[in-house]
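Visitor: Work the whole structure out from these sequences, hints included.
There are 4 protein chains.
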Amino acid sequence: MIRVTIWNEYIHEKNNLQAGKIYPNGIHSQIASFLKSDDIQVSTATLDMPEHGLTEEVLKNTDVLVWWGHVGHNDVRDEVADRVAESVLKGMGLIALHSAHHSKPFKKLMGTSCNLNWREDAYERLWCIAPHHPISMGVPSSFVLEQEEMYGEPFDIPKPEEVIFTGWYKSGEVFRSGCTFTRGYGKIFYFQPGHETYPIYYNEHVQRIIKNAVAWANPLLKLEKLICPNTQPLE
Amino acid sequence: MIRVTIWNEYIHEKNNLQAGKIYPNGIHSQIASFLKSDDIQVSTATLDMPEHGLTEEVLKNTDVLVWWGHVGHNDVRDEVADRVAESVLKGMGLIALHSAHHSKPFKKLMGTSCNLNWREDAYERLWCIAPHHPISMGVPSSFVLEQEEMYGEPFDIPKPEEVIFTGWYKSGEVFRSGCTFTRGYGKIFYFQPGHETYPIYYNEHVQRIIKNAVAWANPLLKLEKLICPNTQPLE
Amino acid sequence: MIRVTIWNEYIHEKNNLQAGKIYPNGIHSQIASFLKSDDIQVSTATLDMPEHGLTEEVLKNTDVLVWWGHVGHNDVRDEVADRVAESVLKGMGLIALHSAHHSKPFKKLMGTSCNLNWREDAYERLWCIAPHHPISMGVPSSFVLEQEEMYGEPFDIPKPEEVIFTGWYKSGEVFRSGCTFTRGYGKIFYFQPGHETYPIYYNEHVQRIIKNAVAWANPLLKLEKLICPNTQPLE
Amino acid sequence: MIRVTIWNEYIHEKNNLQAGKIYPNGIHSQIASFLKSDDIQVSTATLDMPEHGLTEEVLKNTDVLVWWGHVGHNDVRDEVADRVAESVLKGMGLIALHSAHHSKPFKKLMGTSCNLNWREDAYERLWCIAPHHPISMGVPSSFVLEQEEMYGEPFDIPKPEEVIFTGWYKSGEVFRSGCTFTRGYGKIFYFQPGHETYPIYYNEHVQRIIKNAVAWANPLLKLEKLICPNTQPLE
Numbered sequence: 368m369i370r371v372t373i374w375n376e377y378i379h380e381k382n383n384l385q386a387g388k389i390y391p392n393g394i395h396s397q398i399a400s401f402l403k404s405d406d407i408q409v410s411t412a413t414l415d416m417p418e419h420g421l422t423e424e425v426l427k428n429t430d431v432l433v434w435w436g437h438v439g440h441n442d443v444r445d446e447v448a449d450r451v452a453e454s455v456l457k458g459m460g461l462i463a464l465h466s467a468h469h470s471k472p473f474k475k476l477m478g479t480s481c482n483l484n485w486r487e488d489a490y491e492r493l494w495c496i497a498p499h500h501p502i503s504m505g506v507p508s509s510f511v512l513e514q515e516e517m518y519g520e521p522f523d524i525p526k527p528e529e530v531i532f533t534g535w536y537k538s539g540e541v542f543r544s545g546c547t548f549t550r551g552y553g554k555i556f557y558f559q560p561g562h563e564t565y566p567i568y569y570n571e572h573v574q575r576i577i578k579n580a581v582a583w584a585n586p587l588l589k590l591e592k593l594i595c596p597n598t599q600p601l602e
Numbered sequence: 368m369i370r371v372t373i374w375n376e377y378i379h380e381k382n383n384l385q386a387g388k389i390y391p392n393g394i395h396s397q398i399a400s401f402l403k404s405d406d407i408q409v410s411t412a413t414l415d416m417p418e419h420g421l422t423e424e425v426l427k428n429t430d431v432l433v434w435w436g437h438v439g440h441n442d443v444r445d446e447v448a449d450r451v452a453e454s455v456l457k458g459m460g461l462i463a464l465h466s467a468h469h470s471k472p473f474k475k476l477m478g479t480s481c482n483l484n485w486r487e488d489a490y491e492r493l494w495c496i497a498p499h500h501p502i503s504m505g506v507p508s509s510f511v512l513e514q515e516e517m518y519g520e521p522f523d524i525p526k527p528e529e530v531i532f533t534g535w536y537k538s539g540e541v542f543r544s545g546c547t548f549t550r551g552y553g554k555i556f557y558f559q560p561g562h563e564t565y566p567i568y569y570n571e572h573v574q575r576i577i578k579n580a581v582a583w584a585n586p587l588l589k590l591e592k593l594i595c596p597n598t599q600p601l602e
Numbered sequence: 368m369i370r371v372t373i374w375n376e377y378i379h380e381k382n383n384l385q386a387g388k389i390y391p392n393g394i395h396s397q398i399a400s401f402l403k404s405d406d407i408q409v410s411t412a413t414l415d416m417p418e419h420g421l422t423e424e425v426l427k428n429t430d431v432l433v434w435w436g437h438v439g440h441n442d443v444r445d446e447v448a449d450r451v452a453e454s455v456l457k458g459m460g461l462i463a464l465h466s467a468h469h470s471k472p473f474k475k476l477m478g479t480s481c482n483l484n485w486r487e488d489a490y491e492r493l494w495c496i497a498p499h500h501p502i503s504m505g506v507p508s509s510f511v512l513e514q515e516e517m518y519g520e521p522f523d524i525p526k527p528e529e530v531i532f533t534g535w536y537k538s539g540e541v542f543r544s545g546c547t548f549t550r551g552y553g554k555i556f557y558f559q560p561g562h563e564t565y566p567i568y569y570n571e572h573v574q575r576i577i578k579n580a581v582a583w584a585n586p587l588l589k590l591e592k593l594i595c596p597n598t599q600p601l602e
Numbered sequence: 368m369i370r371v372t373i374w375n376e377y378i379h380e381k382n383n384l385q386a387g388k389i390y391p392n393g394i395h396s397q398i399a400s401f402l403k404s405d406d407i408q409v410s411t412a413t414l415d416m417p418e419h420g421l422t423e424e425v426l427k428n429t430d431v432l433v434w435w436g437h438v439g440h441n442d443v444r445d446e447v448a449d450r451v452a453e454s455v456l457k458g459m460g461l462i463a464l465h466s467a468h469h470s471k472p473f474k475k476l477m478g479t480s481c482n483l484n485w486r487e488d489a490y491e492r493l494w495c496i497a498p499h500h501p502i503s504m505g506v507p508s509s510f511v512l513e514q515e516e517m518y519g520e521p522f523d524i525p526k527p528e529e530v531i532f533t534g535w536y537k538s539g540e541v542f543r544s545g546c547t548f549t550r551g552y553g554k555i556f557y558f559q560p561g562h563e564t565y566p567i568y569y570n571e572h573v574q575r576i577i578k579n580a581v582a583w584a585n586p587l588l589k590l591e592k593l594i595c596p597n598t599q600p601l602e
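If you read the sequences in order, they're chains A, B, C and D. Quick note on this note's numbering: the first sequence kicks off at 368 and runs consecutively. Quick note on this note's numbering: the second sequence kicks off at 368 and runs consecutively. Quick note on this note's numbering: the third sequence kicks off at 368 and runs consecutively. Quick note on this note's numbering: the fourth sequence kicks off at 368 and runs consecutively.
No lab work stands behind these hints: they were computed from the structure. Since this is a predicted model, take the numbers as computed values, not measurements. This list has only true hints and no planted wrong ones.
A pair holds if it fits inside one copy or across any two, identical chains being indistinguishable in the list.
Only pairs whose alpha carbons sit at most 20 Å apart, straight line, appear in this in silico SDA-like list of lysine to any residue:
{"id": "1", "residue 1": "K592", "residue 2": "E424"}
{"id": "2", "residue 1": "K578", "residue 2": "V409"}
{"id": "3", "residue 1": "K427", "residue 2": "L414"}
{"id": "4", "residue 1": "K475", "residue 2": "H440"}
Guide: Structure (structure tokens):
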């Protein structure tokens, strides 16, 4: 049983008509609806909850955290962002979706600006360039998102361990749309699709990829705390 | 002074009207013409020369080998291909151009099939996704080749050390168009542009990239022979 | 159920008294004895069998191939070595043990000389430097092999995807003793311990590592054949 | 001309007799003495200077920053640490020496705890495992530091781009003693030797490695500021 917590700032869906129409109960609820299964137990948390719903207790009982954030990045308190990043180092998986590239926890774990180019309203085709990877299983060699925000190169991230998807935009750009990283004991997957005004999380391939990523990021072991011992002489 | 040898099978330019019109003295001559400089000394070699022009002596005196081949791959003798691959392990740089992805030396050094998808007649835009890399210096963030063959993902190569250019095709595909590898003491750059029926090697950005790659692949040291010692006890 | 084939040249055990005493039925039988389980179905194959026991049919029905070879490297027929390497590209996992660093299939897949330094009779301590990796699960942070052959750096391999174990020798050397690679759809694990005159494959940690590696290398999918299509226009 | 700034907290040398005896003018002065040359222009800066000697102006005019810190890590002001890290993203090279693994700028750039094992008073042999790398030029295959602090695995860093040196300790441990990273446009080299109570920076090989690292980390280009554009439609 994988214990997944889906975190969403949950702002656009309440302020923007289009977003609210597509995700009447929030992006987190839609992601929860397709992740829930016999193997995956899902909880959700949002910015407006005490400690943004990400207490020590919650993180301790989370195997994989899914993160969606955008206009609320700066409202996430530093101690919560630090707690999330440290939980990843101790083993918790992290799936950073779309504009989470600029979220505090993701930026802390990357150590770079995570800047990228962008433009609204694009037609995207995602190519799987690592067809052997567990996150690619069951995903076609390419698939189309008729409407998506354009996120383009250069993308200021450390070199990913694996680039699994490359995005192609009709307007002429490319992007490393699906990237994996390991930090400490934790596995991280950044996945570009998911602009709030398009029904991206209803796409079957996007859903399959996020499900695969949850299984991939599920930790083999989680540490109680980060260790920094003064080594005793070896026997 | 960097000593460059440009190897070309030199077949299409003699058999195909269009190729012959664009490269009347062969692709190798055109590449030689823009590489020659106060810092770079250029020689050329072709398939029809004894030992394909790549004797032990020639390779010993080559710092960086540029390779263009296509229909003649199977006519390259195994002992010459082995000699080239071993020279790379001993430090010689290798720039594998376009269809050299299926050349014997490149495949030996990669250990994979190097298969890719392809289709004739495409419009390509190359994006620089590693703008800090020496091979990118002076190259714009993207540039267009109005006509080029399409080489698309998946590309069956070992994970590159650096993907420097990603190709975008108007027809919908993407490709890791500029990739670096280190094998033994040698540096390898694969660069996708260069179909024989288009004037690719007259493009200023393509020229700049190949010049940069030659400087990057120039070895700091070249071994006399591959070493496999039985280590003596340490002092 | 993972279908494992253990290949052993099976020469030392018949010619060398010490090796024969430790492995009276061959190294392959000892490895088979600890791998066999409800989840793993084991077969063995040796050099003296027709086609070295590695027919198309056998490889088609092998999920993970374990390879032990040394003095018989050159007696492995090229077409069998090619068949093994191609099976890896199509998805079969490969565990290359000890002197298999110089085996034909491993060298083909690496593309380098795979040379290393070596000396007989060493005391080794193996350190786990990737404690989050599935191959490390249940393995202590370090463990000792009181007698082992010394394999030391430099080791002429392409940069591994992950260095999981680093060997420390009392005599002063170090070595990347456990390394992973992906080639095509296949996963490869090179693991240094296993000199034939020491009871290495009776060590509980070595056994655990090989078991973990088999599970890790078990393919998610295996191709019928390597694909090199001429892509049709996208819809 | 490479403009190098050597930063040192400069505390031990004033408080600890042994450190003061070895480095009467501070570790930074000793490093400056061997770096200074016709090609390298050296400045120094210390913790007790205004803004720790690392103003915007200083960093703008620094190509490569060398950092030595230990007990003063927490006294480095966050805005200065942020400024250093951002300068690296914009292209400035960073050489992090010894206990700088826990310095604020290095940790920010890595995104991990950078914890490691350690013990006082060890005998170390450093092995060059990337003999083709520019940082290795002129360095023997291994060399000894008769006295050094032991820094051992596991070392909680993101996977390095290149592990150039592996440390072997007589007491039984190993360590990734020389590691490279790229973050944004900046190159980073972590190098483990340099405990303040041993004359490490008088060792000729250590000096050669730091000189090589400075040349390697010298930026090809430095940005005025980090860019995050809203891309205009392509022509």
